[in-house]
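Trainee: Chains A and B are the protein sequences, given in the same order.
Quick note on numbering: the first sequence equals residues 1 to 203 in this note's numbering.
Quick note on numbering: the second sequence equals residues 1001 to 1118 in this note's numbering.
FYI, nobody ran anything at the bench for these hints, they're computed from the structure.
Every value quoted in this text rests on a predicted model; they were computed, and no experiment measured them.
One or more hints might be untrue.
What the hints assert, rightly or not - Some chain A residues judged to face chain B by a derived CB distance under 10 Å, without partners named: (1) Arg129; (2) Gly130; (3) Leu134; (4) Thr137; (5) Asn140; (6) Ala177; (7) Phe184.
To be verified - Pair by pair, the computed Cβ-Cβ distance ranges are: (8) A:Gly164 <-> B:Glu1102: 25 to 31 Å; (9) A:Ala162 <-> B:Leu1095: 48 to 54 Å; (10) B:Ile1113 <-> A:Gln79: 23 to 29 Å; (11) B:Leu1095 <-> A:Gly121: 23 to 29 Å.
All residues carry an ideal CB built from backbone N, CA and C; glycine is no exception.
Each chain is listed here by its residues.
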Amino acid sequence: MTYIAKPKFHHPALPKNNLGFTHRDYEGSISTLCAGCGHDSISAAVIQACFELNLEPHRLAKLSGIGCSSKTPDYFLGQSHGFNSVHGRMPSVLTGSNLANKELIYLGVSGDGDSASIGLGQFVHCVRRGVNMLYMTENNGVYGLTKGQFSATADKGSKSKAGGSNNDSPLDLVGMALLVGATFVARSFSGDKKQLVPLIRAC
Amino acid sequence: MRQHNEAVNRLDYMDPREPITVDYAPGTVSEVTLHDGSMLRLAKLHPEYDPHDRIGAMTYMQSRAAAGEVVTGLIYMDPAPKDMHAMLNTVDAPLNRLGEKELCPGSAALEKINASLR
């Protein structure tokens, strides 16, 4: 449950980074997502990247919208600034925060429902304005929280859990980011930590 | 009362699954079976791929997508990026550290700005 904090104790020999933090200092609450979900793998990669980068947790701001992906900031960087905004509106809120204080490191966490449907306009304008942030879209092609409807990124011909078939063409957020002027574009698979962690670090 | 009871939702249960992990070399394609049985064809970018060419990146992405592959890796990096603050020429200090004088420079400053727009 998200309101149950993880126990603070840890093995005394746990490796520390240059700031004296262990990776436990970059964790958040206990995840309530389905066991085996790729979102938790991405959260683990964010924790590892921030630990390795020796980032001070209070210098980070994590913002999100609504959805499985947008719940995940609760599960990492528990000592950082956080804001869970309205569905699809994370880019606007983050842009405002960034304008007011550019000294923070901004991490926007969103999903295919949050960024490819209700927040598509927000996504595009945030990218074309060059907001200095890591815009992370955790894309699984499905609305997990509402039990499995197709999202706008689902492949044509995909089958849903209920047996339906998707007849709509998919949106490609990576292609769209390139088209509207993103300065750093990368993609990885949630279960490929060897690739995902360096990409998060690089951004 | 009970005759008006209607089920508006149903209980669902998600079987616990193991996280899916992959490890494949740059320049190769890996087929990953997801929890629902569907398959992803992941294509990791070759070490010699040039991530500084935006048009090349778009063309490459589309050609691999047409082949049913999902390209992974650093797809594009602008060698000379400019962010929103550089384009808007904003002040360096966070707004909460500015005093009243900086935030509200007065009517003379406003007059000067207005005059520059005429």
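Trainee: Hint by hint, note whether the structure agrees.
Mentor: Consistency of the hints with the structure:
The closest approach between the C-beta of Arg129 of chain A and any C-beta of chain B is roughly 5 Å, which is under the 10 Å cut-off, so the hint is satisfied. Satisfaction of the interface hint for Gly130 of chain A is found here, the shortest Cβ-Cβ separation to chain B being roughly 5 Å, below the 10 Å cut-off. With a least beta-carbon distance of about 13 Å to chain B, the hint placing Leu134 of chain A at the interface is violated under the 10 Å criterion. Hint on Thr137 of chain A is violated. Least Cβ distance to chain B is approximately 13 Å, over the 10 Å limit.
Annotation: interface hint on Asn140 of chain A holds; nearest CB of chain B at approximately 9 Å, less than 10 Å. Among the interface hints, the one on Ala177 of chain A holds; its C-beta lies about 8 Å from the nearest C-beta in chain B, closer than the 10 Å criterion. This hint holds: Phe184 of chain A has a C-beta 5 Å from the nearest C-beta of chain B, less than the 10 Å allowed. Look at Gly164 of chain A against Glu1102 of chain B: about 58 Å separates their beta carbons, and that is not inside 25 to 31 Å.
Checked against the given bound of 48 to 54 Å, the beta carbons of Ala162 of chain A and Leu1095 of chain B, roughly 49 Å apart, stay inside it. Look at Ile1113 of chain B against Gln79 of chain A: about 41 Å separates their beta carbons, and that is not inside 23 to 29 Å. Between Leu1095 of chain B and Gly121 of chain A the beta carbon distance is about 26 Å. The supplied range of 23 to 29 Å therefore holds.
Of the numbered hints stated above, those contradicted by the structure are hints 3, 4, 8 and 10, listed in ascending order.
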